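Protein chains in written order, with the numbering used here: chain C, 1 to 257; chain A, 1 to 204; chain V, 1 to 218.
Don't read these hints as lab results, they were simulated from the structure. Watch out, some of these pointers could steer you wrong.
What the hints assert, rightly or not - Pairs of lysine to aspartate or glutamate, DMTMM-like flavour, derived with a Cα cap of 20 Å:
1. A:K192 x A:E83
2. V:K10 x C:E253
3. V:K153 x C:E152
4. A:K122 x V:E73
5. C:K247 x C:E155
6. A:K190 x C:E155
7. A:K149 x A:D102
8. V:K10 x A:D111
9. A:K122 x A:E83
10. A:K192 x C:E152
11. V:K153 x C:D158
12. A:K149 x A:D111
13. A:K122 x A:E142
14. C:K247 x C:D131
15. V:K153 x C:E253
16. C:K60 x C:E155
17. V:K10 x A:D148
18. A:K122 x V:D74
Computed from a predicted model, the values in this text were never measured in an experiment.
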Amino acid sequence: MSIAAKANALWEYANPRKFLATSERVLPFFWITSMFCIALGLVWGFFFTPDDYKQGSTVKIIYLHVPAALMAINCWLMMLVTSLIWLVRRHHVSALAARAAAPIGIVMTLIALVTGAIWGQPMWGTWWAWDPRLTSFLILFLFYLGYVALWEAIEDPDTAADLTSVLCLVGSVFAILSRYAVNFWNQGLHQGASVLRAGAVTGTDTEEKVSNIFFYPLLVCIIGFVLLFVALVLYRTGTEIRARRIKALLARERVGG
Amino acid sequence: MTLTVTDLTITRGGVPVLEGLNFALETGRALILRGPNGIGKTTLLRTLAGLQPPLVGTIKGAEDQIAYASHSDGLKPTLTVTENLAFWASVFGTDSIQPALDAFALNELADRHAGNLSAGQKRRLGLARMLVTGRSIWMLDEPTVSLDKDAVQMFADAVRAHLAEGGSALIATHIDLGLDGDILDVGANKAKSGPLDDFDGGFL
Amino acid sequence: MIALLLRDLKLAFRAGGGFGLGLAFFLIVTVMVPFAVGPQSSLLATIAAGVLWLGALLACLLSLDRLLALDWEDGSLDLLATAPLPLEAVVTVKALAHWLTTGLPLVLVAPILGVLLNLPAPGFFWLVISLLVGTPALSVIGTFGAALTVGLKRGGLLLSLLVLPLYVPTLIFGAEVARRGALGMETQTPLLMLAGITAATIALLPFASAAVLRINLR
């Protein structure tokens with residue numbers, strides 16, 4: 001198969017029927033593997049790694065905190081991509097996937113914020129500080145809220161998809177701007193994003209490393225969260241497609257078609 | 001400039017309402033749009049005016065030629081009659097509002113605030129706006145609502161004068177204006193629901 | 001374009017146009033602050049710059065839901081969309097009219113309210129400069145929010161929810177300029193950032209506003 005043909009084959013999944021059929025087939029795999037990875041990662045991390053010499057056992061909340069924070073940002077990225085696809089190619093599934101992902105993003109952001117607060121209390125002696133990272137996540141949370149509220153407020157589904165897509169685009173730019181503004185406004189307590197840097201794992205470039213012994217269970221947790229996210233998005237997109245279909249059928253009935 | 005519509009399907013709220021529309025609007029002619037309530041006459045006019053895209057089909061000759069009048073007149077209650085008209089005249093880049101005032105007998109009301117006008121007077125002001133646009137194709141949506149007999153006559157005269165100058169008009173109305181125009185009944189073009197299993201079929 | 005600007009200004013100044021409401025709101029919010037935090041002049045001096053920026057921002061927000069909604073309700077927006085004026089120009093002029101009737105008066109009265117809040121002397125100049133540079137961005141971003149929510153029955157609250165997060169960078173840099181100015185610190189970096197945001201929003205956001213307005217007019 002040529003690359004162009006492959007690309008075309010990919011767009012086939014934008015057909016709601018094909019999407020529903022395929023997602024129903026692959027969903028069990030995602031549910032099971034994600035649950036397995038998360039369970040494995042959490043048990044490994046909680047019971048089979050030593051306590052940190054400085055942070056004690058509180059460090060173990062990292063197994064929830066870091067994956068949730070990663071997914072909170074990546075969920076917005078996914079919404080941005082699917083919004084662009086909707087605006088350019090007008091595939092309904094794409095717009096509905098963005099709609100389906102938003103509440104998941106909200107929950108992930110909340111998990112990151114709450115676990116961060118629980119972690120921060122013993123470490124920094126405070127539940128909340130206006131640290132740039134924490135503040136950025138709070139702002140991200142507000143963007144999610146606005147996005148979902150706009151979806152809910154508009155009756156016509158295509159109009160809602162168009163408007164939320166533009167909001168997602170514009171919001172992304174302003175979210176990045178806010179990130180820089182907040183960094184400028186306050187240099188904070190939070191350590192740098194140390195997990196996914198090679199140096200952080202080997203400990204060559206910084207003192208703030210996450211050592212191997214914590215890293216592998218964390219990696220398993222991250223993989224688990226990614227799989228869980230995919231499963232939730234597929235599942236919720238299916239629900240949105242069906243809801244949309246019901247709405248369309250009712251509209252047809254009203255015009256007497 | 002002839003307005004040509006070919007194989008047009010229009011939608012309202014994502015649902016097709018009219019399909020297979022084919023007609024031409026020649027210069028100097030009026031076309032009276034007929035059809036039962038809710039069939040999609042307003043949607044058709046909005047589509048032709050460029051406010052919403054058609055689902056399929058083409059519209060030729062409409063670019064920057066259309067003056068559109070919807071149900072609402074777009075009047076500002078705190079501006080006077082003259083100010084309201086002068087605003088639209090300068091937006092459309094025409095200079096004189098006097099012919100419009102004359103045609104709809106608005107001279108006596110010229111300095112009244114639009115908010116103090118009666119419904120019929122407001123409608124006259126809204127229709128006078130068509131004259132200051134300087135555009136050749138008029139699209140009017142139920143223009144005679146709340147007009148009395150004399151005002152309807154005024155309007156019919158204004159349309160006749162416009163046609164005589166080489167303009168054209170598409171008017172959705174149910175009363176007889178006494179115009180020498182063709183009738184376009186869209187009742188037969190009611191959209192049948194398409195097949196449910198095409199690509200995005202379940203949605204549209 | 002000039003005609004539209006003049007009409008909007010005329011409408012704002014005539015009875016019921018709402019001119020002055022934003023100003024009165026700004027005044028009241030500022031007066032309420034000492035009641036909430038206490039009258040110590042040292043405390044007020046510390047927070048004055050931030051409070052004035054926040055007050056100005058909220059006053060801007062207050063008038064946004066009338067910005068396009070009135071033209072939407074009476075059908076003018078439909079007619080403007082079929083006029084020779086591109087919608088990008090329409091939203092730009094609307095934003096400019098909003099700034100002239102809301103933003104600019106706020107800039108002018110802010111120093112007077114600064115006296116009430118005991119703003120340190122060097123702060124006055126920087127407060128006015130930062131508001132002068134920042135409030136146009138508030139109007140332009142607000143117009144985008146108004147265009148998003150124009151077709152909704154009760155869009156006012158949603159409008160605030162959508163627009164406030166977008167105001168964050170402007171608020172941070174704007175208030176930072178005023179705060180640093182009041183403390184006699186260097187203000188160049190935040191001022192440049194603020195000017196950059198304003199310039200970029202004026203240049204780019206009208207396209208997004210016009211696009212969402214077109215979608216809403218369908």
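Checklist entry - Any of the earlier hints contradicted here, and which numbers? => result 1, 2, 6, 10, 12, 14, 15, 16 and 17
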